[in-house]
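Listed below, chain by chain, are the residues.
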Amino acid sequence: MKKRRSENGIRWLSGYDFSLLFVVLFLCVFGLIMIYSASYYTAELKLRNGMYYFRHQLMLYGISLVVAIVVSLIPHKFFAWFVWLGYAAAVVCMILTNFTSLGINTNGQTRWMRVTKSISFQPAELVKIAVILMTAYLIHQNAKEINRTKWLILIMGLCAVPGFLVLKNNLSSGVIILAIPVAMIMMVSDKKIRWIVFWIGLGLALALMITIKLLPLDTLIGIGEKIEETGLLKAYQLKRIYIWNNPMYDAQGDGYQVVQGLYAIGSGGVFGKGLGASTQKLGFVPESSNDMIFAILCEELGLFGAIALIVLYLFMLYRMMLIAGRSRDLFGSMLVIGVMAHFALQVILHIGVVSGVFPNTGVTLPFVSYGGTASLFYMGEIGIVLSVGRDNPELELVEEKDES
Amino acid sequence: MRRKLAFTYIVVAAVLFALVVYLLVLMRNNGEEYQLKILSQQGYDSSVLAFRRGNITDRNGTVLAYSEEVYNLILDPSVILYTSNAKNPEPNRQATVDALVNVFGYDRAEINALLDEKPKSSYVRFAKQLSAEEVNRFTEYQTEYNTAKDEKKKKLHKDKVTGVWFETEYQRSYPYNTLACNILGFSGAESSEGHWGIEEYYNDSLSGINGRVYSYINAEGDYESVTEAAVSGYTIVSTIDYNVQKAIEETIALYKEEHEYKNIGVLVMDPTSGEILGLATDKVYDPNKPMDFSYMISDEELEAMTDEEKSAFQNAVWRNFAVNDAYTPGSVSKELTVAMALEENVIDTDTMFICDGGETVQGTTIHCNRVSGHGTLSLTESLMMSCNDAMMNIASRLNVHTMLKWQRQFGLGSRTGVDLPGEATGILFNESNMSLVDLATCSFGQGYSSTMIQMAAAYCSILNGGYYYTPRIVRQVLDENGGVVKNLRPELVRTTVSESTCEFLKEAAFETVNGGTAAAAALAGHTVGGKTGTAQKYPIEEHNYVISFMGFTPVANPKLLVYAVVDEPEHEGTNVSARSAVELERDIMAKIIPYLGIPKDTETE
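Heads up: the sequence lines are chains A and B, in that order. The first sequence begins at 1 in my numbering and counts up one residue at a time. The second sequence begins at 1 in my numbering and counts up one residue at a time.
Be aware that a few hints might be false.
Unchecked claim - 27 Å max Cα-Cα, derived BS3-like pairs, lysine-lysine:
#, chain 1, residue 1, chain 2, residue 2
1, A, Lys-46, B, Lys-120
2, A, Lys-77, B, Lys-4
3, A, Lys-191, A, Lys-144
4, A, Lys-234, B, Lys-118
5, A, Lys-191, B, Lys-4
6, A, Lys-234, A, Lys-213
7, B, Lys-262, B, Lys-283
8, A, Lys-46, B, Lys-37
Stated by the list, open to error - In silico negatives: residues of chain A with every beta carbon more than 12 Å from chain B:
#, residue
9, Val-83
10, Gln-141
11, Lys-144
12, Arg-148
13, Thr-149
14, Leu-167
15, Gly-224
16, Glu-228
Hints were generated in silico from the structure; no laboratory data involved. All residues carry an ideal CB built from backbone N, CA and C; glycine is no exception.
The whole structure should be built from the sequences, with the hints applied where relevant.
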């Protein structure tokens, strides 16, 4: 009997995806180093404490790690209980942020919600996790009828409520929140027409993007002026498109952040200037430790560092894919797929924005960017994935063999 | 579902790979350019502290030019329009604009328009050259407002007056406006620029060194700032005397009302040291606003000029006739001719001359100023009557070589070294092109040109016993605290003539005033010596003249030399008299003597 218990312990642990946990921890440590390097100057200048952001982030990672492990120990079926609670909380938070004085306005956008005097958080992050939970739950509950348009409309409708509330102030998060359920639904969709529409939509978006990005600025401005005459788009919106096409259009104004980021990337070269040697972080790149951290990373560690980081993310996504594929119930799979979609979008958008492929909008780089709310929720999501990973059919096969 | 998942994974990986390729292309195509851009925007945060340009004072310390601190009002719209809470946008705007309107009386609409136009700027120079007093008023208002408590809530005002600051600058001021403008010159918008006069010649001494504040993050990551204070320029103590200068300018102004002329120059020197006590021309401008010519010419006329014309016009106003222009000196130089002949021992003080109204040299007949002839003259009488014939006689005893040697000896034909910019040299003959006719005309000051400063310096050497000093307009360079950096003592260049020659010439000059051509120069109670000059300008056919008078006092031991030159005075036909120049000189000397404390030395009327 004693032997059996210890074997159970091993089994319990062997269900745990340590590879995923370690790659995430590694990303966190990597992130801490980058935050330390990128934020020291501005922190010293503004707060007279160069270690401020580093310490703050270290503390948050400590808390987040505990949260991730606690979450990972909860059987994932248990999360279904929180679906509607989470969704309601997300919507309420978004309403409070948008329409009451609890919202904190910075740079003309209301993205933060005040909890107490010193604590505030970004409800958009809560919305992301709530949407993942809810979509996974609804797909799981209605797996057989999921190809019916009714469910597609219902799920997307439910996601759109908080999605558009986020979109108002935070384009990138809004896009991510709306894209996650689409990705999740497409994973279980077999209807041809749905796929055709999906591919055409994606193709059109891509074509529009490439057109805007590749057209010469003068031509684009010519077209823009005609569009402005029709009143379809306003001058400030067109200006954003021009800057997207070529940030030099307003290098000292709205294009400043992108231009400085490009300077950082371009000057880094293949092997970078060396860790800590960035000059662009010395007050030139705004948001150097969160929305633009990839630029500083490229400047210091070069293309080499960028590829290393991307490989880490790909490995992380690979581990998640395995867990999703192995999960015994659809709810688990869908949870992991949602988290995968979230991280993949987050990474692609961050790198795309920093390198100027996408229009400028603030997206953090998971586990690397500075940010309290985000890291807490990211780790929570990792906890969910780990929890799904523990529910491993192959383990049970072993157990069944043992018993037989 | 696994297949879809795997496919999606591959798509994600492909997108990330595409981004990496994009980054690589970015680095390869723009890497170097971006590296340069980064270097160009690097640099320490530093700001310049402007230096204070040194003062210019007269010999008694009266400040003729100084730089005063003025303030530029800088608006920082990004601070004024700062919004932290959407509910209460731009909380400080109202208070700040109110403050500006209340303290300075600016136009509210103008400020608001400016703020809306450049909301993100941090540096808008809104007003220039505010006084310290105005700045204080604003700062007091600001402090009071920002610390005052709201009467109802008993709490500090939530809104603040902010985003307004002042930048120090120096403005050059000439407190006596036009006084001594020809001597002082003017300083441009930059403290390190000087144009004309002492401002230009002593620009290096007057200019200080800009200071700088460097701010940087040191190796420990601490914010440090190092201030390198600005070094003020040196004070220049001129040799001129405010009262003398004022007397000269007032007298010229009176003369201008009654006479027609092209140029007037008056030079007052101390013969014992070569120091210039005063110097003025008729061209007057205000160095406080050197570009303002509205008192002479309408704006439209100035606008209509080409750049070259405009520049020529400006230079004509700013230039200093006494130093920058050479003219035909005329009879004033006769003293020099006699001096060189005495030194060469070709005549002595008892030599007699016969004037028959002219002389024929190599077939050219040159008339005396009195065509009927002066008859028999002593050497002294020939100077008293300013007889050309006698001078030609003396010249015939000299030769081209000695004439040129002595002209050089008296400092003609080369720069005197006076410390004013753009000194002209005048033109002498040289041995290869000087004919006997030229020699004859040179004896009475025709055929060559000299500047006022050259002629005055040459006279000084005769008056002080033969010592040629470099004429000077600056006597001392002082540092900010009044410590002496440099004393510019009289600089003896050479000796010219013997003391006995000097004594004779002074006596002859005294007789010229006493009973000769310059009787108008006499002053009651003072022994005055002098020599008139009437020169024909070339080309002779145009009948333009230069009249002048070189006067000095007291005769026994001259302390004061006044040289007045009127270029192209009004005249009827060929009948030109130096009388108005003599009177100009006399009026000036009469005003100056009391200031210099020269005692009466004679009982005569």
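Going down the list of hints, with the structure as the test:
no.	hint	result
1	A:Lys-46 with B:Lys-120	holds, 20 Å
2	A:Lys-77 with B:Lys-4	holds, 24 Å
3	A:Lys-191 with A:Lys-144	holds, 13 Å
4	A:Lys-234 with B:Lys-118	holds, 21 Å
5	A:Lys-191 with B:Lys-4	holds, 13 Å
6	A:Lys-234 with A:Lys-213	holds, 19 Å
7	B:Lys-262 with B:Lys-283	holds, 10 Å
8	A:Lys-46 with B:Lys-37	holds, 25 Å
9	Val-83	holds, 21 Å
10	Gln-141	holds, 17 Å
11	Lys-144	holds, 14 Å
12	Arg-148	holds, 18 Å
13	Thr-149	holds, 19 Å
14	Leu-167	holds, 18 Å
15	Gly-224	holds, 23 Å
16	Glu-228	holds, 21 Å
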